[in-house]
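Kindly generate the complete structure, drawing on both the sequences and the hints.
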Amino acid sequence: MCLSSRYAHHVIQRLRILSEGVRYWKFTCNREIEEECFQKKLVGAPARMWKEVKEVKKGDIIFLHNIDTDILHGPFIAGTEGTMNIDPYALGRKNPSQVKIEWVNLSKITEPLRNSHSLKEKH
1078 MCLSSRYAHH
1088 VIQRLRILSE
1098 GVRYWKFTCN
1108 REIEEECFQK
1118 KLVGAPARMW
1128 KEVKEVKKGD
1138 IIFLHNIDTD
1148 ILHGPFIAGT
1158 EGTMNIDPYA
1168 LGRKNPSQVK
1178 IEWVNLSKIT
1188 EPLRNSHSLK
1198 EKH
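The opening residue of the sequence shown carries number 1078 in this note's numbering; numbering runs sequentially from there.
The set of hints was computed from the structure by calculation and includes no laboratory data.
As the structure is a prediction and not an experimental result, all values here were calculated from the model.
Each hint should be verified, as a subset may be incorrect.
[Unchecked claim] Derived lysine to aspartate or glutamate pairs resembling EDC-like cross-links, with alpha carbons at most 16 Å apart: (1) K1177 with E1111; (2) K1185 with D1147; (3) K1171 with E1109; (4) K1177 with D1164; (5) K1185 with E1132; (6) K1118 with D1147; (7) K1135 with E1158; (8) K1177 with E1132; (9) K1177 with D1137; (10) K1177 with D1147; (11) K1117 with D1147; (12) K1117 with E1179; (13) K1185 with D1145; (14) K1128 with E1179; (15) K1118 with E1179; (16) K1177 with E1112; (17) K1131 with E1158; (18) K1177 with E1113; (19) K1171 with E1113; (20) K1118 with E1158; (21) K1171 with E1111; (22) K1135 with E1179; (23) K1134 with E1158.
Right under this line is the structure:
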């Protein structure tokens, strides 16, 4: 499903309003690692982002933004807490701060919000 940025903003705002206490995070990827994220059900970030990634808790909502195609995938559910090197050989070996992800129904948002920062917790 492709959603416009206006609709995506509405969905995220409703999530914020209707699900008080639900935390969500946006990870980024590129064309090189996007398929691997889906195959391994894993998202990650560089070691310098560990301080933020370690705050991810099992059950948090995760989005994945491909910065090459500008497509936002989600929502995913964090299947683990933020962990170092769940798979040290995954994600180009450049993203050791990792979270396993699960999903039921995914959406593909083709015009993600430009002001939505990566790895920022939202309430």
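A quick look at each hint next to the structure:
1. K1177 with E1111: holds, 14 Å
2. K1185 with D1147: Roughly 10 Å separates the two Cα atoms, so the pair holds.
3. K1171 with E1109: holds, 12 Å
4. K1177 with D1164: Distance of about 10 Å is within 16 Å: holds.
5. K1185 with E1132: With Cα atoms ~25 Å apart, K1185 and E1132 exceed 16 Å; violated.
6. K1118 with D1147: Outside the cut-off at roughly 20 Å; violated.
7. K1135 with E1158: Distance ~5 Å between K1135 and E1158 Cα, so the pair holds.
8. K1177 with E1132: Roughly 14 Å between the alpha carbons, so the hint for K1177 and E1132 holds.
9. K1177 with D1137: holds, 11 Å
10. K1177 with D1147: Roughly 22 Å separates the two Cα atoms, so the pair is violated.
11. K1117 with D1147: violated, 21 Å
12. K1117 with E1179: Since the Cα atoms of K1117 and E1179 sit roughly 10 Å apart, the hinted pair holds (cutoff 16 Å).
13. K1185 with D1145: This hinted pair holds, its Cα atoms lying about 14 Å apart.
14. K1128 with E1179: violated, 22 Å
15. K1118 with E1179: This hinted pair holds, its Cα atoms lying about 7 Å apart.
16. K1177 with E1112: holds, 14 Å
17. K1131 with E1158: Holds. K1131 to E1158 sits at ~7 Å (cutoff 16 Å).
18. K1177 with E1113: Given that 16 Å is the threshold and the Cα spacing comes to 12 Å, the pair holds.
19. K1171 with E1113: holds, 13 Å
20. K1118 with E1158: holds, 14 Å
21. K1171 with E1111: Distance ~14 Å between K1171 and E1111 Cα, so the pair holds.
22. K1135 with E1179: holds, 10 Å
23. K1134 with E1158: Holds. K1134 to E1158 sits at ~4 Å (cutoff 16 Å).
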